Amino acid sequence: MKIRVRYFAVFREATGTGLEVIETGAASPSELFSECVGRHPGLQKYTASLVAINDEMAAWDAQLNENDEVLFFPPVAGG
Amino acid sequence: MKIRVRYFAVFREATGTGLEVIETGAASPSELFSECVGRHPGLQKYTASLVAINDEMAAWDAQLNENDEVLFFPPVAGG
Amino acid sequence: MSAFEITGQPIELQVFRARLLDRSCGAYVQFDGWVRDHNEGRKVLQLEYEVYEPLAVRIGQDIIQEALERFGVSHACAIHRSGLMELSEVAVVVGVSSPHRSEAFEACRYIIDQAKIRLPIWKKEHYESGHAEWVNCQRCAHHE
Amino acid sequence: MSAFEITGQPIELQVFRARLLDRSCGAYVQFDGWVRDHNEGRKVLQLEYEVYEPLAVRIGQDIIQEALERFGVSHACAIHRSGLMELSEVAVVVGVSSPHRSEAFEACRYIIDQAKIRLPIWKKEHYESGHAEWVNCQRCAHHE
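Residue numbers (the numbering used here), protein chains in the order written: chain A, 3 to 81; chain B, 3 to 81; chain C, 1313 to 1456; chain D, 1313 to 1456.
Quick caveat, the hints were computed from the structure, so don't treat them as lab data. Note that this is a predicted model, so its numbers are computed, not measured.
27 angstroms max Cα-Cα, derived BS3-like pairs, lysine-lysine:
id, chain 1, residue 1, chain 2, residue 2
1, D, K1436, A, K47
2, C, K1428, C, K1355
3, A, K47, A, K4
4, B, K47, C, K1428
5, A, K47, D, K1355
6, B, K47, C, K1355
7, B, K47, B, K4
8, A, K47, D, K1428
9, D, K1355, D, K1436
10, D, K1355, D, K1428
11, C, K1436, C, K1355
12, B, K47, C, K1436
Pulled out of the complex, with its shape left as it was, chain A reads as follows (with noise of 0.2 angstroms):
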């Protein structure tokens, strides 16, 4: 199926692109990003903190579906 992915900050400097769209069978956030990170060798030393679908906050075992758009966020260090 097909998947929107968002990268912010250093995410997005780590794969140099701040949006791809991918073809995947990842089942759940946390399965899409280990795929991710073979696609991008850049995000190996990172961990994501949090993940969003479709602009609401996600657990990490939630099922993908088809056209939905995920969002991986580094650790924040607001203010």
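Got chain A; can you put chains B, C and D on it based on the hints?
Frame of chain A, contents of chains B, C and D only:
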């Protein structure tokens, strides 16, 4: 001995004075306050919360000396 | 300028805040006490502060010094009004700056809490009814 | 105006504060996050915030709403900067007004603490060395 007594806020209004000089045998601020209540019945319904002698906070059983200035503070409610 | 001041004039908040600016600080916490339009169910029109200034300034400076030492913040200061005030005016302001926020919050809270207990400052409320009354802090009464 | 905003422009503190004025409130607590000139031993020259605005605004408004309900304060709002900032600029401001001070302090602290944990906002520090780095919050890393 001569003691200067200062009254603030509700005490000043209850006694009608901000400062008086009195002849007293009171050994401590505690005894002195009782004496002041005797002189100014308007003070009867109040209790002083803090006392200072010569601009230093003092204990109610501190010793009084000739020419001391005693400050009787009603409860504060700043801010 | 002293770290703790009493003033009969409106407090200039921008001037006050400027004293606490510091490029090494990432956190600033400010508390304002505003003149409220009610107290214990009664409408307040004006507020009056009686301040015994010699002691108030000294104790205020002690409190600021304690906060600096206890919480290790970079800067702290406070100004308290005296005299007659209108609704919504700033009666007291406390500002604290520090590299991190946790100690800035704690120091600011400490200063205003101690100020309310220890400063020889008394508040008289003027009510809509024409009546006026000295306000006693209940908590302080328990200390007698 | 919304209770939580993201802006690319300098925050106007007087305008911000004016939104929280209320004659029924006796207490106002404000937190400012300032751009600090150092972090973990390195000299910082500039700071950059990347904000994912759709979610940041929504989560920010949730946090404000939680604070209003949890602490029963009268008003609360916050503004967070995005983009490039210079030293001493205000990166984030949180303001809370309420009849009494205790809940104003608690609500203000709650909002900034939650904001730092939950908002999708990332900070990049530009150092004197010419190097720049995304800053990770250690505490957040523990949540992974």
